Amino acid sequence: MKPTDIGDPAYFHKVVDCQWACPAHTPVPEYIRLIALGRYTDAFMINWESNVFPGILGRTCDRPCEPACRRTRVEQKPVAICRLKRVAADNRGDISDRLPVIPKKKNGKRIALIGGGPASLTVARDLLPLGYECVLFEKDRQAGGLMRTNIPSFRLPVAVLDDEVERVLDMGVAPRFGEEVTSLKAVLDEGFDAVFIGTGAPRGKDLDIVGRAEASKNIHLGIDFLTSVAFKHTESIGKRVVVIGGGNTAMDCCRTAIRLGGEDVRVTVRSPRSDMKASDWEIEDAEREGIPILDNHSPKEFLVENGELKAVVFERMRAEYDETGRRSLIPSGEPPVVVECDDVLMAIGQNNAFPWIERDIGLEFDESGMPIVDSQTFQSTLPTVFFGGDAAWGPENIIWAVAHGHQAAISIDLHCKGEALTERPSPLTNLVSQKMGIHEWSYDNDVSNDHRFAVPHADQLESLKSLTVEVELGYDQQLAYDEAMRCLNCDIQTVFKGSLCIECDACMDICPVDCINFTENGEETQLRAQLRVPAENLDQDLYVSENLTTGRVMVKDEDVCLHCGLCAERCPTSAWDMQKFTFWDGTVMKGPERVGAD
Amino acid sequence: MTHIAKPKFSHPNLPKNGLGLTRRNYEGVVSTLCAGCGHDSVSAAIIEACYELEIPAHKIAKISGIGCSSKTTNYFLNRAHGFNSVHGRMPSVATGANLANGELTYLGVSGDGDTASIGLGQFSHAVRRRLNMVYIVENNGTYGLTKGQFSATNDKRSKNRKGVENQFDSIDLCSLAIELGAGFVARSFSGDKAQLVPLIKAGMSYHGFALIDVISPCVTFNNHTSSTKSYDYLRAHNQVMDRLDIVASRPEISADYEPGTAIDVTLHDGSQINLHKLSSEYDPTDADTALSNLNRYKRQGTVVTGVLYLDPDEVDLHDVMNSSKQPLNSLGQSELCPGADALEALNAQYR
Ligand SMILES: Cc1cc2nc3c(=O)[nH]c(=O)nc-3n(C[C@H](O)[C@H](O)[C@H](O)COP(=O)(O)OP(=O)(O)OC[C@H]3O[C@@H](n4cnc5c(N)ncnc54)[C@H](O)[C@@H]3O)c2cc1C
Ligand SMILES: Cc1ncc(C[n+]2csc(CCOP(=O)(O)OP(=O)(O)O)c2C)c(N)n1
Ligand code: SF4
Ligand code: SF4
Ligand code: SF4
Ligand SMILES: [Mg+2]
Chain A
1 MKPTDIGDPA
11 YFHKVVDCQW
21 ACPAHTPVPE
31 YIRLIALGRY
41 TDAFMINWES
51 NVFPGILGRT
61 CDRPCEPACR
71 RTRVEQKPVA
81 ICRLKRVAAD
91 NRGDISDRLP
101 VIPKKKNGKR
111 IALIGGGPAS
121 LTVARDLLPL
131 GYECVLFEKD
141 RQAGGLMRTN
151 IPSFRLPVAV
161 LDDEVERVLD
171 MGVAPRFGEE
181 VTSLKAVLDE
191 GFDAVFIGTG
201 APRGKDLDIV
211 GRAEASKNIH
221 LGIDFLTSVA
231 FKHTESIGKR
241 VVVIGGGNTA
251 MDCCRTAIRL
261 GGEDVRVTVR
271 SPRSDMKASD
281 WEIEDAEREG
291 IPILDNHSPK
301 EFLVENGELK
311 AVVFERMRAE
321 YDETGRRSLI
331 PSGEPPVVVE
341 CDDVLMAIGQ
351 NNAFPWIERD
361 IGLEFDESGM
371 PIVDSQTFQS
381 TLPTVFFGGD
391 AAWGPENIIW
401 AVAHGHQAAI
411 SIDLHCKGEA
421 LTERPSPLTN
431 LVSQKMGIHE
441 WSYDNDVSND
451 HRFAVPHADQ
461 LESLKSLTVE
471 VELGYDQQLA
481 YDEAMRCLNC
491 DIQTVFKGSL
501 CIECDACMDI
511 CPVDCINFTE
521 NGEETQLRAQ
531 LRVPAENLDQ
541 DLYVSENLTT
551 GRVMVKDEDV
561 CLHCGLCAER
571 CPTSAWDMQK
581 FTFWDGTVMK
591 GPERVGAD
Chain B
599 MTHIAKPKFS
609 HPNLPKNGLG
619 LTRRNYEGVV
629 STLCAGCGHD
639 SVSAAIIEAC
649 YELEIPAHKI
659 AKISGIGCSS
669 KTTNYFLNRA
679 HGFNSVHGRM
689 PSVATGANLA
699 NGELTYLGVS
709 GDGDTASIGL
719 GQFSHAVRRR
729 LNMVYIVENN
739 GTYGLTKGQF
749 SATNDKRSKN
759 RKGVENQFDS
769 IDLCSLAIEL
779 GAGFVARSFS
789 GDKAQLVPLI
799 KAGMSYHGFA
809 LIDVISPCVT
819 FNNHTSSTKS
829 YDYLRAHNQV
839 MDRLDIVASR
849 PEISADYEPG
859 TAIDVTLHDG
869 SQINLHKLSS
879 EYDPTDADTA
889 LSNLNRYKRQ
899 GTVVTGVLYL
909 DPDEVDLHDV
919 MNSSKQPLNS
929 LGQSELCPGA
939 DALEALNAQY
949 R
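Residue numbers (my numbering), protein chains in the order written: chain A, 1 to 598; chain B, 599 to 949.
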């Protein structure tokens, strides 16, 4: 293999598994270290710059970083990255003097943001410091999108939501609340320099089976039901509730239903439990509240008597997998199951809907009715119009909406300056030695053996009675410290300088996880196979040096490196050094507006 | 010295030996030696050898004298028996222990100072008595622990790091051991584990006295450009005489070698040493050629490594003395105290 080019920002970025997996590339280990130091405000600001909603995401994020966390490869569970983010938000001090300064003199460009969810709010947050004027159209009276209308308050308190949404609005958004856009043409006619569409995927999917129409009074679309609960239009539900669907919306529906007075609430899902779409922790939360999940149950019919819903009839299913692992659900032949109920909540997915976008203005849609959007620039076929969040490619989650918002803001800025959208700002990177003394580092390199700490919960008797009692209490400062110590500091990179190496083997011998090898060079597959412990995780790179004095090369498998720094401590010539790699995603917020980075 | 303990986490795919143990189960505490010390590589090689031989640690006794090298017994096999003895006195302790319990594998670790200076007398007698042990000298040509004086293995005219020349002839421990009747004599380099690990395995399996003289650079006092025991010098002047495989219960795949250059020796315990000479000039089973071979290369300033001498007739101290093969601590009342009649018979022999 060729020597690794560590000058390529992607190389070390990828080693920071969590940051690499985070759609907004939040510098996770940096904020975790700050939490351990009790510097909550600094930790908050790092998050705020990257992901705009630390308090919200610290409670609700889909956390793609956690399955990626290195800790899962050396121990059982990932670092509680998400819940540590919440700690930063819960314990932060005043940040008013840390927010970007909004220029009094505007740059003369006006941007329309349609829909007030996290995607649009991110675009506003990124553009306002540059002097843009941002006009926000939102059909509801308040901004927040699904975070307000669908995520229940027992998971996300309204005060936390308000605080973070208002922080963006207070930067100078011009709101046009209560204004549903019914014609994109009309908005364009107002002469905006660019339009960002962040209207989400607002339409809940329905099931057209026998009895659907007759029972419609007691069959509710999940997202509409949750919205109605959020706006206090719905304050009760029948005693026996069947939730249809196995995703996160279904989990929120069932947990809301028991808080509204449902006594026999069940979730039913067509697939086997192991294939359910909901996140493991959301399923756990529902089960902890005593809600049974009936898997392999496919709804066939709503039983209606005298115009009243009586029950749902389910066909039993069985999953079969072909050689390629593709699943098909087939009826198992067992007798149908009849579940009596008073209300049904249908949570089987969401669709996009753009009836308000004229089809003759140059904005093209594909056969499935989705707008054609460039995956890098977020630009539609109408150059002034950009998409992001759930409106772009269907339902995702908040952190993706934020990541889209950042990219769309970059595009809008380039577009307004008349520059090529493909010339994206490069990431800001830095690599600095952490050596403080012969065996002293600026970070705590002593690896914690603790298992993941559980987040304390409120008393269940109390929380099940109320829609607003937050179930999770969050870590206190001591637990947060202990959890933070589990982080392996994957951004503190092992940097190798072959010209200094005397091939004494000390690093190879000390490495607790057998990462380091001195071996003959070869093709990647061959090299992977011949290491002390073969490098079977192909997602993880090999770090290959130039030829050393004996003609061999140093090959480090990045896979399970603990970043303990023992290699650098044992090296007599400092051929290894531990260096902090900082990666800030390319964003429009640069220079004095950049906050949090130090 | 490193301040943190070595993390407990190990590679999830770390292989296990027949005892269900990983290499890491054979470790000791984290070394306190200078970073890059050759002695640490020797410890790693010992760990690897014991792991591969699948010996349970409690069947090993590790014994040492005084010196940085002698300290290293703390850095491997923390479940083994151990005795960190007095300067130069490791052989006496090993002899006593071996006579009391011949069932353990004796692993002596010493330095060039500990062996060739203060301990030379003890060393010589352990060799000539064919004590069943592997005796590893971590040879750095200096007294590392006492800050860099020339040792007796330091080559004449070699300089210390301040430029002062050594005026005395050096002692070649391998030649001496062959002279004194050691059955297995090898030399190696701490920077060549591919050679060192099988040598340690063979030495541990050999029934009799096995010496492995490992050139093990001292990064602090004797790794400078005018040293003949530095990493660079060894890399430039190492003449590998042979490569060896040791086939124990578990067969290993060995590389192909030129036909006619292999010597196979079946050891006392049934395992087999396959020795592949890389040069046809010498016969390692013949003491005279082994000695002249060593001398010739030494004059050229070349360090020969590999198995230098191997006596296929394995005989150890117990065999010679016909002493109890059974550990003394397991002898019962009747064996230890055979009664008045037995005493009478014994006394009668001397009358
Ligand atoms: C029940 C449920 C629970 C969820 N839980 C989580 C969670 O825990 N974590 C997570 O990360 N994600 C969660 N999600 C997904 C997440 O809420 C969305 O992915 C995210 O909010 C999408 O953001 P957005 O900005 O694209 O759009 P949205 O949040 O959908 O906001 C779109 C906004 O546009 C407005 N709008 C739409 N059309 C018009 C129009 N024509 N004119 C004016 N305004 C308009 C809407 O009123 C809405 O306010 C959940 C979703 C649901 C349904
Ligand atoms: C009886 C006695 N004399 C002298 C010493 C001082 N002393 C300690 S270690 C040592 C030399 C060690 O040299 P070596 O065996 O080569 O070990 P190294 O440190 O080089 O590995 C000496 C002279 C001692 N400890 N005891
Ligand atoms: S151990 Fe820490 S830095 Fe590494 S992936 Fe997990 S959270 Fe990120
Ligand atoms: S930091 Fe060095 S010693 Fe520690 S696990 Fe990584 S490669 Fe091994
Ligand atoms: S410890 Fe340093 S000098 Fe020794 S082999 Fe490793 S990198 Fe090379
Ligand atoms: Mg010495």
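FYI, nobody ran anything at the bench for these hints, they're computed from the structure. Fair warning: this is a prediction, and the values are worked out from it, not measured in the lab. Just to be clear, a hint being listed does not mean it is correct.
Unchecked claim - List of simulated lysine to any residue pairs, SDA-like, C-alpha gap at most 25 Å:
| hint | chain 1 | residue 1 | chain 2 | residue 2 |
| --- | --- | --- | --- | --- |
| 1 | B | K604 | A | N449 |
| 2 | A | K580 | B | F607 |
| 3 | A | K497 | B | A834 |
| 4 | B | K606 | A | P534 |
| 5 | B | K923 | B | T900 |
| 6 | A | K77 | B | T620 |
| 7 | B | K614 | A | E440 |
| 8 | A | K77 | B | P605 |
| 9 | A | K580 | B | P605 |
| 10 | B | K604 | A | N537 |
| 11 | B | K614 | A | V533 |
| 12 | B | K604 | A | Q434 |
| 13 | B | K614 | A | K14 |
| 14 | B | K614 | A | F453 |
| 15 | A | K14 | B | S608 |
| 16 | B | K760 | B | E646 |
| 17 | B | K604 | A | D577 |
| 18 | B | K606 | A | D94 |
| 19 | B | K606 | A | T525 |
| 20 | B | K606 | A | E440 |
| 21 | B | K606 | A | H451 |
| 22 | A | K497 | A | R532 |
| 23 | A | K77 | B | A603 |
Now for the hints, and whether the structure bears them out:
1. B:K604 with A:N449: The given pair, whose Cα atoms are some 11 Å apart, holds under the 25 Å limit.
2. A:K580 with B:F607: holds (22 Å)
3. A:K497 with B:A834: holds (22 Å)
4. B:K606 with A:P534: Judged against 25 Å, a Cα distance of about 20 Å means the pair holds.
5. B:K923 with B:T900: With Cα atoms ~42 Å apart, K923 of chain B and T900 of chain B exceed 25 Å; violated.
6. A:K77 with B:T620: The given pair, whose Cα atoms are some 23 Å apart, holds under the 25 Å limit.
7. B:K614 with A:E440: violated (34 Å)
8. A:K77 with B:P605: holds (17 Å)
9. A:K580 with B:P605: Given pair K580 of chain A, P605 of chain B holds - Cα atoms ~21 Å apart, limit 25 Å.
10. B:K604 with A:N537: It holds: about 24 Å lies between the C-alpha atoms, which stays within 25 Å.
11. B:K614 with A:V533: holds (11 Å)
12. B:K604 with A:Q434: holds (19 Å)
13. B:K614 with A:K14: The given pair, whose Cα atoms are some 30 Å apart, is violated under the 25 Å limit.
14. B:K614 with A:F453: violated (31 Å)
15. A:K14 with B:S608: holds (22 Å)
16. B:K760 with B:E646: Status violated; Cα separation ~36 Å.
17. B:K604 with A:D577: Within the cut-off at roughly 18 Å; holds.
18. B:K606 with A:D94: violated (41 Å)
19. B:K606 with A:T525: Measuring from Cα to Cα gives roughly 29 Å; hence the hint is violated.
20. B:K606 with A:E440: With Cα atoms ~20 Å apart, K606 of chain B and E440 of chain A stay inside 25 Å; holds.
21. B:K606 with A:H451: Satisfied, since the Cα-Cα distance of roughly 13 Å is no more than 25 Å.
22. A:K497 with A:R532: holds (21 Å)
23. A:K77 with B:A603: holds (22 Å)
Of the hints listed earlier, those the structure fails to meet are numbers 5, 7, 13, 14, 16, 18 and 19, in rising order.
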